[in-house]
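2 protein chains.
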Amino acid sequence: MEESLRSQTERPVEFEDQHPKTTKVVVLRWGHRDRDKRLTSHVALAARALGASGFVLADVRDEKIKTTIEKIVKRWGGSFHFEMGKPWRRVVKEWRSKNNIVVHLTAYGENIQTSDVLQRIKATAKDLLVIVGSQKVPSHFFTKDVSHFNVAIGHQPHSECSSLAIFLDRFFEGRALAKEYVGSEISIASEKSKIFPPLKKNEV
Amino acid sequence: MEESLRSQTERPVEFEDQHPKTTKVVVLRWGHRDRDKRLTSHVALAARALGASGFVLADVRDEKIKTTIEKIVKRWGGSFHFEMGKPWRRVVKEWRSKNNIVVHLTAYGENIQTSDVLQRIKATAKDLLVIVGSQKVPSHFFTKDVSHFNVAIGHQPHSECSSLAIFLDRFFEGRALAKEYVGSEISIASEKSKIFPPLKKNEV
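Sequences listed follow chains A and B, in order.
Anchor point for the first sequence: position 170 equals 170 in this note's numbering, and the numbering is continuous, going up by one each time.
Anchor point for the second sequence: position 95 equals 95 in this note's numbering, and the numbering is continuous, going up by one each time.
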């Protein structure tokens, strides 16, 4: 049994080839406060690692988060657009003016598991702006003026980070996790020696 | 088009019936520090909402997180076990002594997307302890003494919250999002009026 635990059946997937080039996802983070620093950083990193091509921290500026994200992009490669301070209304307006789609993640939306909402989003074949908020978003977010789709990652309280991750994982059908990042300074996948690092002597 | 955006094709799924009763998942959070309060709360809530039956905050105690989780369970229903302060070694030892499986989520593990690691975990048909750590976990976690499986939710840096969410979503094949919670004081799914809340006058 132990042998099979260690087998590494790699099935490389070409992310860019399989994913339609026309579909791009940008994440809009609404309602960030100073105490959310780490959480918002995690949301932005999840956006990047799960296939989004950019992140907008709406309405406010947070230099620390910007630095964190830019450092990660520099070290780990790929292209990822980070923007902050722009009012959310303007981001949404510009996005919609290009005939793109706005998806609002909310526990009050259509359940991604029990409804056909994901299929309908995919069927549009348009670029997506995914809004992740906090508990108290303006009701306006739910209206057709803002969101084409209100999507619930279940109806239980959890996290904008877990909600976004599941939405992106399902939207991209997991392919983002197999993506190769161009121009990285470090890469775990290519450093086989770093997989299962050896136990150091006397360690814990 | 607008009509189809609003259609609510519900396909209810019986969580308990479809999921084998023998497979239970408990999440072990390692390396929690005081600054992680909100993040650890989100990880615990993600664990609950995505199908885990319990959460262990290892080695340290944090009354605020305990209160948050207990309040959510009371209001939103279902059963969810929360424990804190127990040394991680003891949790792992007790878990393994019952012939159960330990899964360690780490960017240095086998990629859940490109390997067959998830199939091999499911094939054990055993209860899982899922360890989520921080960037610097003890190397010991990677060894066979601790973890039967080291699983990477991709090899890029993101978040223990997004990693756990994707692992659980894939492990339970999304069924947790359709689960009904017994004994809840509030429920979004049953309050149809709360789906797409009406816009308040003069709001934002």
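Just so you know, the hints here were simulated from the structure itself, not pulled from any lab data.
Misleading hints may appear alongside valid ones.
The list cannot tell twin chains apart, which means a pair is met if one copy fits it or any two copies do.
List time: in silico BS3-like cross-link candidates among lysine-lysine, alpha-carbon distance up to 30 Å [said to hold, decoys possible]:
hint, residue 1, residue 2
1, Lys136, Lys93
2, Lys24, Lys37
3, Lys37, Lys66
4, Lys126, Lys144
Everything numeric in this text was worked out from a predicted model, so none of it was measured.
Taking the hints in turn, this is what the structure says about them:
Taking the closest pair of Cα atoms, lysine 136 and lysine 93 come within 30 Å of each other only inside a single copy of the chain (21 Å); across copies the shortest separation is 42 Å, beyond that limit. In this homomeric assembly, lysine 24 and lysine 37 come within 30 Å of each other (Cα to Cα) only inside a single copy, at 26 Å, whereas the closest approach across copies is 33 Å. With identical chains, the CA atoms of lysine 37 and lysine 66 are at most 30 Å apart both within one copy (10 Å) and between copies (22 Å). For the homomeric pair lysine 126 and lysine 144, the shortest alpha-carbon distance inside one copy (17 Å) is at most 30 Å, but the shortest distance between copies (46 Å) is not.
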